[in-house]
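Number of protein chains: 4
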Amino acid sequence: MCAVVGIINSKDAARTAYYALFAMQHRGQEASGISVSFNHHIKTYKNLGLVNEVFNNENLSTLKGNMAIGHNRYGTAGSKESKDAQPIAANYLLGEISIAHNGNLTNNKEVRDKLIAEGAIFHTNMDSENIIHLIARSKKEHLQERIVEALGEIKGAYCLLVMSRSKMFVVRDKYGIRPLSIGRLKDGGYIVASETCAFDLVGAEFIRDVNPGEMIIFEEGSNSFESIELFNAQAPRICAFEYIYFARPDSTVEGKNVYEVRKNIGKVLAKKSKIKADMVVPVPDSGVPAALGYAFESGLPFEMAIVRNHYVGRTFIEPTQEMRNLKVKLKLNPMGEILKGKSIVVVDDSIVRGTTSKKIVELLRHAGAKEIHFRVAAPEIKFPDVYGIDTPTKDELISHKMSVEEVREYIGADSLEFLSLDELVSGIGSERKYSLVSFDGDYFVK
Amino acid sequence: MCAVVGIINSKDAARTAYYALFAMQHRGQEASGISVSFNHHIKTYKNLGLVNEVFNNENLSTLKGNMAIGHNRYGTAGSKESKDAQPIAANYLLGEISIAHNGNLTNNKEVRDKLIAEGAIFHTNMDSENIIHLIARSKKEHLQERIVEALGEIKGAYCLLVMSRSKMFVVRDKYGIRPLSIGRLKDGGYIVASETCAFDLVGAEFIRDVNPGEMIIFEEGSNSFESIELFNAQAPRICAFEYIYFARPDSTVEGKNVYEVRKNIGKVLAKKSKIKADMVVPVPDSGVPAALGYAFESGLPFEMAIVRNHYVGRTFIEPTQEMRNLKVKLKLNPMGEILKGKSIVVVDDSIVRGTTSKKIVELLRHAGAKEIHFRVAAPEIKFPDVYGIDTPTKDELISHKMSVEEVREYIGADSLEFLSLDELVSGIGSERKYSLVSFDGDYFVK
Amino acid sequence: MCAVVGIINSKDAARTAYYALFAMQHRGQEASGISVSFNHHIKTYKNLGLVNEVFNNENLSTLKGNMAIGHNRYGTAGSKESKDAQPIAANYLLGEISIAHNGNLTNNKEVRDKLIAEGAIFHTNMDSENIIHLIARSKKEHLQERIVEALGEIKGAYCLLVMSRSKMFVVRDKYGIRPLSIGRLKDGGYIVASETCAFDLVGAEFIRDVNPGEMIIFEEGSNSFESIELFNAQAPRICAFEYIYFARPDSTVEGKNVYEVRKNIGKVLAKKSKIKADMVVPVPDSGVPAALGYAFESGLPFEMAIVRNHYVGRTFIEPTQEMRNLKVKLKLNPMGEILKGKSIVVVDDSIVRGTTSKKIVELLRHAGAKEIHFRVAAPEIKFPDVYGIDTPTKDELISHKMSVEEVREYIGADSLEFLSLDELVSGIGSERKYSLVSFDGDYFVK
Amino acid sequence: MCAVVGIINSKDAARTAYYALFAMQHRGQEASGISVSFNHHIKTYKNLGLVNEVFNNENLSTLKGNMAIGHNRYGTAGSKESKDAQPIAANYLLGEISIAHNGNLTNNKEVRDKLIAEGAIFHTNMDSENIIHLIARSKKEHLQERIVEALGEIKGAYCLLVMSRSKMFVVRDKYGIRPLSIGRLKDGGYIVASETCAFDLVGAEFIRDVNPGEMIIFEEGSNSFESIELFNAQAPRICAFEYIYFARPDSTVEGKNVYEVRKNIGKVLAKKSKIKADMVVPVPDSGVPAALGYAFESGLPFEMAIVRNHYVGRTFIEPTQEMRNLKVKLKLNPMGEILKGKSIVVVDDSIVRGTTSKKIVELLRHAGAKEIHFRVAAPEIKFPDVYGIDTPTKDELISHKMSVEEVREYIGADSLEFLSLDELVSGIGSERKYSLVSFDGDYFVK
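Sequences listed follow chains W, S, U and H, in order.
Under full-length UniProt numbering, the first residue of the first sequence is numbered 1, with each subsequent residue one higher.
Under full-length UniProt numbering, the first residue of the second sequence is numbered 1, with each subsequent residue one higher.
Under full-length UniProt numbering, the first residue of the third sequence is numbered 1, with each subsequent residue one higher.
Under full-length UniProt numbering, the first residue of the fourth sequence is numbered 1, with each subsequent residue one higher.
By construction, these hints were calculated from the structure, which means they are not laboratory data.
Bear in mind that the values here come from a model prediction, so they are computed numbers and not experimental data.
Be a bit skeptical, because a hint or two may be false.
One copy or two, either will do: identical chains are not told apart, so a pair holds if it fits within one copy or between any two.
Once the Cα atoms are required to be at most 20 Å apart in a straight line, the calculated EDC-like pairs of lysine to aspartate or glutamate come out as [stated by the list, open to error]: (1) K83 - E96; (2) K64 - E220; (3) K267 - E110; (4) K359 - E260; (5) K109 - D395; (6) K114 - E260; (7) K382 - E153; (8) K274 - E405; (9) K139 - E118; (10) K43 - D440; (11) K327 - D113; (12) K331 - D395; (13) K370 - D442.
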């Protein structure tokens, strides 16, 4: 995951970037940062923590300027080092640049090894650092050509923002695996962001998505932007997980409202097997739209019978006494009054390792539910994603190791159903293709 | 508001109190604190901030002992002083005590003035400090008699926990205006808490509510508790706002599940006037159950068309550029894709000053809603509450100053309806009475 | 110890109090606080920590007003509770007051027990809280009379500042055990402070000391102050420890410059026994003036052969490997190049438990010193002080348990000499008496 | 300035490095950091702040291993960016390395420009980053050869520590401008540090200095070290400022104890012109030894008549009211009782801009000094240093712009004398040469 934002030709760009990052906090909670270009100098502030924790009036007010890029980092467990925050700023032959990058390079190791063999040094663990090196090592005269050359050497999923002292280059990989949209701010400036929910908060109007393989060039002081088709048109393949649980429901990804897509998926689930039950219960928050769709299609009552506590932060104090399932209970509390003696359909967005689903089923049983029919608004996840999602290794994916029936038994549900791949595609909408690697193992990026 | 918790005869009582306070964070976010009794000494840690901010492993581990009381403070604007956190610990003739108090004393000023005239000094602005003074000044021999004497002099709403070095006294006022329940922990210890959702998190079994006018006495090492009827039985009057928006939906208040009550209220609202609309939309989170009830009764589709961002903390950086309605937009984002051109019923829990409702209507209009029918899951709030809720003064209450039609015009809705008092009572359930001061101005506590 | 400061009729009084407290940081490092009177309301900010840690521009700027009192607390080990910071503010019959108190009440327990028996409650462990209670319980009409009545009931050493909304009362006990001086600020306002070094920093002119038993009354807006002789004149007895090590060398205590007094004491030490040695070496910083006097009188060279590291804060990381004497070495490093093979006179301000002296002698030996003649610029400390100094109990005082020869052997010096009581008195100056309880056990305060 | 430390083959190396950095805090207060090599991985923690602020038990305990390098950064005004802390760790062809560097490269710009032209990217503003690039770009097979090649391309003053996963390379430039010594820890491990005062604190024995132009190679598990003469022997030129005010008085630099050297310099000053005066007064702390030497030679009494407040941290609250000379007064307070009507010789370590000296003279006059004879324990500073000291530009150096008489008039002293260059050299000791660029402008490093 991760979120990126770029602000061009707008007064107090860092502040607008801050709000945009805040709206996209769900895409990355480990670290946050903003670079501004001001007075021929690029200045960066970044740190571990939530947007609201990293930034305060004091440090934000040191980031002056009309051009900014920002980044929220979605960290992988164990890698929590402050040096791995973005944007990454550096000096090179043409001066200062800063980059923000959402995605994963599939040939990261090869490129890094080659660069290192040539004498490059790496200060971070991020594959994004490759891109700066490739730009710096290009022999081309202009930054734009250097970026093009650099991108020719990398593979994978990316949305990339490169800011120099007077320009901003915005690129989306040729498959368009991660979303990226362009909007217009009220003062005439432009905004580029991973999700359109950022536009709503800062009062920007959606213009259009950046196309797969497209490079957009903004220039300081210019009222328009330039577009270049960098790569041959490919069948675009937005990552299906954006619809399943990454994106905020109020975002529009590739022309489709996420909330609507999730409701559709829920309807598809309901059509699959007409189970007799007393109610449909979502696992909040991401299971809500699919559960609504399920209830609509099936005619069963929709009940918010699992209550979510939103005060849960990233730190809490470990219990010393025996408190079963405390981590899940801190977030989710099923209501006995609603559930007692009832047969229920539970709708969750996906099953990854299966441990949380198992605990939810336990909590529901403890609350008195008689029958628990678990419905998953995604297909079985059998393969690790390599395009920017922090999925566990194959061996930790429960659906890689177990059949549906075995998973059902493991989590303790009375019945269990996943979406099929075709159902997922029809739920999202049939007219274009998706990245489905986690489900079908087709690592299509060459 | 505020939340109180007491833990008796349970290993690591402070840790259990911490989790209980965490589950009741919604009842008070300004300050939090815990006192423990250990080794013949009472120790207290309290500070401004959320439970998770005030406590960490380091300070929590200094609070050893098998008996603890805790408190979350719901602050009134402007009074943010760290000295006003609870519990309040003090030394007096019989040794050390600590108290935690939820509620408001209606004769606070008279009692305080009388105490001050007798030479008492007050270190805080809290009316709770009166109670300690009255206990300390009583000439009775035992703490229990002193508490009884002290309570004879105060009026108002309260749930009170008094911890000495070996006992805990738990009292609820004779009308039972604020909720208070008793549960049993897995290790045999007892828990007393403002809301039953705290029991769920710490794995306690609900035993019963503390009765209005009842005093419960727990003793260190004792496997049971004593009950005394302190005051003559009164018609009990739990505060209706507990059902309307204070309590968590998964709590059971006076035998009624809050979520169910809110759904019922929504059904009553739907029966009132059969408006033609495309969908029912809740203002999340507290408007959700009533909107579900409304949708169920009316047959209109339920849509989560306003998305709430739960990352909003209590601090955020002020925008310098003109960002209309930013404070509301940081929390709530209506989805244009769902709302465009639609006629909608919006359900919110209440209208106090009217300013937020006005902004919500503006955001909905901006998102494209054609008709906006605003439905309020409470009667018009015409009078300040004096029993523990921080309602503004009369002059700030929009329904005190304006008719329903005027409020409708002010907030910009196409239609507006409140519950009537009778409808509220029938929605909650007819068999007992409620505190309805904010609606009818009947300040019944004498 | 502790430091107090009062500012009257001066613009931005809290800021001046802050600088004065900063100059008197050496008198108390555990906690710091300031109360201001502004707009008929007393506001207090206090916390654990150094003056520079407790206060920042943000909290200091909330303390508006022309009248302020401040306090640095010198904590006793183990009592580190934030509730024990001063000033103590309270509401009582005549309104709000705040007090700051330097000293110790010798009848603390009796007064506290009596107050508690009458129904008073205590929120802190500080004896200063007694004074507020006594003021609040007095039946007198005016604050001034109440203070007088209250002081009639307490015994011990104190410098007391009482601030109401429009007046400041300043009292020194009848023996004048702790120092307190009056100065005039450049803008015409007054300052009262424990030490005159505070006047130098804020640019105030010294006017005179507050007399033992005197009450000074300042009033808002008044260009002068009133003086009342509260108690019958007693032979004044300033605490000898102020000269020995409490006060800063640049302060003038009771008309005598502390640095000069310490130098005199060093001369007296040198006259005592004419030891043959290569040099005189002070234990920095407080041993420096006496060592200078010793060198002057004896004609021996003065060498700063022990270097002090001033970066030592109150926290440091414990060594896991065996590092002998690390705590002392973090502060003090003797130089082998100067000391090797030399016979030295070491001058320290006093010996309390003997453990530090023992470590210093060890470090000096390790650095190569051949002969170590330890000279102490104070008499043997045989009795605990009860008038405001945190001396350990009798049993921890090495000179209570051991003869001079035994102490010499314990610390490992080749010779050891203390001042006699008469020598101390003559060193300070003969014309007035001192509090010498720690040396002679004459607990003279009745 | 800056301080470096290396620990080899010693248990808990990071903790020992921490204490060594603490002892060398005076060499750099802006930032601090430590890298350890453990389990085939180099881990670094660094941040802005004092050693005691940057490190705590939590982060220090994550730095496991038997080999560590550390660094204190002496920041230049305005450059306070956390990315400019050291050590600098990086990945390159042979794996991970980390470097710590004390000094300044005089051909920094040329090297950096050349590297950038070849496609290198720079993440920091530090010239030390050049060295890592040069190592990474070398085509040599082994790290040692790469370091040698890299050092062939840089000029200037440096003490360099390079740590790989199993070795530590320690190099001192061929002139030996900055000090660097080797010691042996009690557990048999080695320590390398900028100053010997670090050895005293951690209980290490001094072995010898690293020679100018020498490379020392330590290897994990080896009980000895290897020495290589990297550069042709040059006349060594230790920086004279180390003796004048950088180094701690208890350090031994190139075989000479700093305290003794400063005392000698004071004697030389006294011989220069036999002024009649009542006393010699040092500007504490660095003026103390020279003032002692002056007093010894002249026979005038030595008086600590300016008292230094050591609680001054790096932040303090700005005064709003007119407080003349507050910044200097927060640190230094001259005592009127000693100074009034007296003729004094004031000894300071050096005069750079002249502004502080001017304020000190003002404070002394205000305290009543009749005649002020200012003596400077260094020659006139006429040229910027380029070998690692943060001297201001030529135009800010008062002695570059003014004659001695003009400076005297500017600071307001009755007389003023500096050391001559020859006097400085004779004061330090004649047998070897020094770097005197700041005084004679001989930029000898080619």
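Comparing the hints with the structure gives:
1. K83 - E96: both (19 Å within a copy, 15 Å between copies)
2. K64 - E220: For K64 and E220, only the intra-copy Cα distance (14 Å) is at most 20 Å; the inter-copy one is 46 Å.
3. K267 - E110: neither (44 Å within a copy, 63 Å between copies)
4. K359 - E260: neither (29 Å within a copy, 25 Å between copies)
5. K109 - D395: Answer is neither; intra-copy 22 Å and inter-copy 52 Å both fail.
6. K114 - E260: neither (45 Å within a copy, 56 Å between copies)
7. K382 - E153: neither (29 Å within a copy, 54 Å between copies)
8. K274 - E405: Within one copy, since 18 Å is at most 20 Å while 47 Å is not.
9. K139 - E118: Both: 15 Å inside a copy, 9 Å across copies.
10. K43 - D440: neither (43 Å within a copy, 39 Å between copies)
11. K327 - D113: Neither. Shortest intra-copy (41 Å) and inter-copy (48 Å) distances fail the 20 Å Cα cut-off.
12. K331 - D395: neither (27 Å within a copy, 39 Å between copies)
13. K370 - D442: neither (40 Å within a copy, 45 Å between copies)
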